[in-house]
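Using the sequences and the hints given, assemble the complete structure.
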Amino acid sequence: MTHESPYIINGLMDQQFLLPDLLNEVPIGIAVLDIEGRIKLANRAWQTITGADPESMQGLKCYLGLRCDYCFKGCPVMADKADFQTVSVDADIIDRTRTKVPIRLNISPIVNNKNVISGYVETIQDIRQVAELSSSASKAYSLGGLIGTSPEMVKIFSMVPSIAATDSSVLITGETGTGKDVLAEAIHNASDRAGAPFIKVNCGALPETLLESELFGHVKGAFTGANEDRPGRIKLAHNGSFFLTEIGDLPLPLQVKLLSFLDDKVIHPLGSSRGFNADVRVIVATHRDLKRMVQEKTFRADLLFRLNVVHLHLPPLRERGDDILLLKNHFLMEYCNKFNKKIKGFTKKSAKILSAYRYPGNVRELSNIVEYAVNFCDRDIIGSSHLPAYLTEQDILRPVTETTHAAQERGVPVEYSSAQSWDDAEKQMIMDTLVKCGGRKGEAANMLGWSRSTFWRKMKKHSISG
Amino acid sequence: MSHKIMIPLHNDEVAPRFDLATDVLLAKFRSDGETSERIIVLPQASADDLCALATSDNTDAVVCGGIDDEHYQYLKWKGIEVLDDVIGPVKKVMQAYKDNKLARGDNFYMV
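Chains as they are written, first to last, in the working numbering: chain A, 24 to 489; chain B, 338 to 448.
If you're looking for bench data, these hints aren't it; they were derived computationally from the structure. Be aware that one or more of the hints could be misleading.
What the hints assert, rightly or not - Derived lysine-lysine pairs resembling BS3-like cross-links, with alpha carbons at most 27 angstroms apart: (1) B:Lys429 x A:Lys63; (2) B:Lys415 x A:Lys123; (3) A:Lys375 x A:Lys243.
Claimed, not checked - Covered stretches of chain A, going by a simulated chain B footprint (3 or more residues, C-beta under 8 angstroms): (4) 90-104; (5) 115-121.
Each residue gets a CB set at the ideal place from its N, CA and C atoms; glycine is no exception.
Below, the structure written as C-alpha cells:
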C-alpha cells in the first residue's frame with residue numbers, strides 16, 4: 024500500500040509513524056474497510072494470503088479483493104448491517120494462484136469516539152496447516168488432545184464434527200480425569216466459533232454470590248465492593264463458546280438464571296435493567312449423576328432437559344481396553360520431549376503394573392504417573408522402581424470395591440470402601456479377575472496368587488458359578 | 338464468425354467467485370456486429386454445473402473473477418479460453434472483449 028500522509032499516526036509514541044508500516048509488521052492479514060466495505064488499507068500479510076495487487080485493490084469493495092465464500096453467506100458488511108458485534112468464521116478464499124485457501128476470518132466494526140461505526144477491520148489467517156494437522160491427527164485416532172482407539176472413543180471422535188456444526192447445548196459426563204474439558208475445547212475448536220473465545224467457568228470453585236457476578240457480570244454499585252462495571256464471563260464468550268464445568272455444583276438460584284439465559288440468550292448483569300444479547304454456545308460438564316440429583320431435588324429438571332440436548336459420555340480409562348497402552352506411550356513421548364530425556368519404554372513388569380491398575384483418576388492420573396516415572400527414571404527404560412510408590416507398595420490387583428452408584432455420588436471412584444465387607448470385596452475381586460482373564464479360572468487363580476483349589480473354594484463360597 | 342462467451346454474474350458485475358455464482362450471462366457476438374445476451378439463473382451455485390453449461394453451450398471463452406485451478410484446467414482442456422481475475426461491470430467487460438482488449442487480471446474499476 025502506498026504510504027500517504029493521511030495514514031500518519033501521532034501521539035502513540037514520541038514521533039510520528041505510518042500506519043501501513045505498523046500493520047505490515049503484524050503476521051496476520053489485516054484490511055481496514057470504510058463504512059461501505061471498500062478497502063482503504065491492507066497489510067503485507069493480507070496481500071500475501073490473497074495474492075492481490077495492493078494498488079489495484081484500494082477503493083474496491085472488499086469481496087472483489089478477498090474473494091471469500093463468507094462474503095456471499097451472511098457477511099454483515101456486505102449485508103449492510105448497521106450494527107453487529109465481531110464476527111469470527113472459518114471460510115475459504117480463492118487466491119491469485121487459483122488455490123482455494125481455508126482462512127479464519129474476523130470482522131470487527133471500528134467505532135469512533137461518538138460510538139458510531141465508522142469502518143471495519145478485517146483480519147485473515149491462513150489455516151491450511153491447521154486443517155492438515157487436524158486431518159492427520161484424526162487419522163491417528165485423536166481429537167484435539169483426546170487419544171483413543173477404543174470403540175467408545177472412536178464413536179465420540181466421529182460425533183464431534185457434526186455436533187460442532189450445530190449450536191445445541193452439549194452435556195459432557197464422565198468421571199474425573201476422563202477429558203471432559205479437553206472434549207469441550209475440541210468441540211469449540213471444530214466449530215465455526217473456533218476463532219472466538221472459549222470461556223471456562225468452574226461452578227464448584229466459587230461461592231454462590233461471586234459466581235453470579237462472575238457469570239452474568241454486574242454494574243457499578245450493584246453491591247458493596249462493585250466499584251466498576253464488570254462484563255461477566257458469558258458476555259466475554261460472545262460469538263464463542265461458554266463452558267461450565269462441574270455444573271452439578273451450580274447453586275439452585277443460579278440454575279434458574281442459567282435456564283432463563285438458555286431460553287432467551289439474554290444476560291442481565293447484577294443491578295442492571297438492560298440485557299445483553301449474547302450469541303454463545305453452551306457446553307456443560309459434570310462427573311455427577313444429574314438425573315439422580317433431579318430426583319433428590321438438588322438439580323432442576325427443566326435445566327437438565329435444556330442442557331441435555333446432546334449428551335456425550337466419556338468412559339473411564341479402566342473400560343477403554345488398549346487405550347491404556349496407547350496413552351502410556353503417548354505420555355512417555357510427550358514427557359521425554361518435555362524433559363529432554365531418552366527413554367525407550369517400560370519394562371515388562373512396570374507395563375504389567377500399569378495395565379492392571381484401575382486408574383480412579385483416569386487419564387489425568389496415568390499422565391501424572393508417566394510424568395513421575397520419566398522424572399525419576401535414570402535408565403533408558405522405566406522399571407517398577409520408577410513408578411509412584413502407591414502403585415507398587417500395595418497389591419494393585421485388589422479390586423475397586425465401590426459400586427457405580429457410590430462412585431457417582433463421590434465423583435472419584437476410590438480403591439477401597441470401608442462401607443463394604445471384605446467378603447464383598449473378595450467376591451468382586453474374583454469376578455473382576457475372571458472378566459479380565461476371559462473366564463479362564465486357571466489364569467485367574469495365577470493372577471490372584473492362589474492355588475486352583477483355593478480359587479475354586481472361594482468361588483464356591485461366594486456362589487460364583489462358572 | 339460468431340463468438341460465445343460466458344460470464345458468471347454478481348449483480349451487474351463479474352462474479353468474484355466462479356463457484357459461488359448463481360446468475361450467468363451467455364453472450365453471442367455475431368460477425369455482423371450484433372450481440373445477443375441471455376441470463377440463466379441456476380438453482381444453486383455450482384462450479385461443475387457452470388462448466389457443464391459452458392461446454393454444452395459451446396462457449397468459446399469464460400470471463401470470471403476467482404476460479405479454482407481444477408475447474409480452470411478442465412475448461413482449458415475442453416478448449417475453452419478462460420480469462421480470470423477480471424474485475425468490473427459486465428458492460429465494460431463485454432465491450433473490452435468485443436474490442437479484443439480483454440486480458441486476464443483486468444480491473445475496470447482502477448482509475
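Hints versus structure:
1. B:Lys429 x A:Lys63: holds (24 angstroms)
2. B:Lys415 x A:Lys123: Given pair Lys415 (chain B), Lys123 (chain A) holds - Cα atoms ~22 angstroms apart, limit 27 angstroms.
3. A:Lys375 x A:Lys243: violated (60 angstroms)
4. 90-104: holds (count 4)
5. 115-121: Result for this restraint: holds, n = 6.
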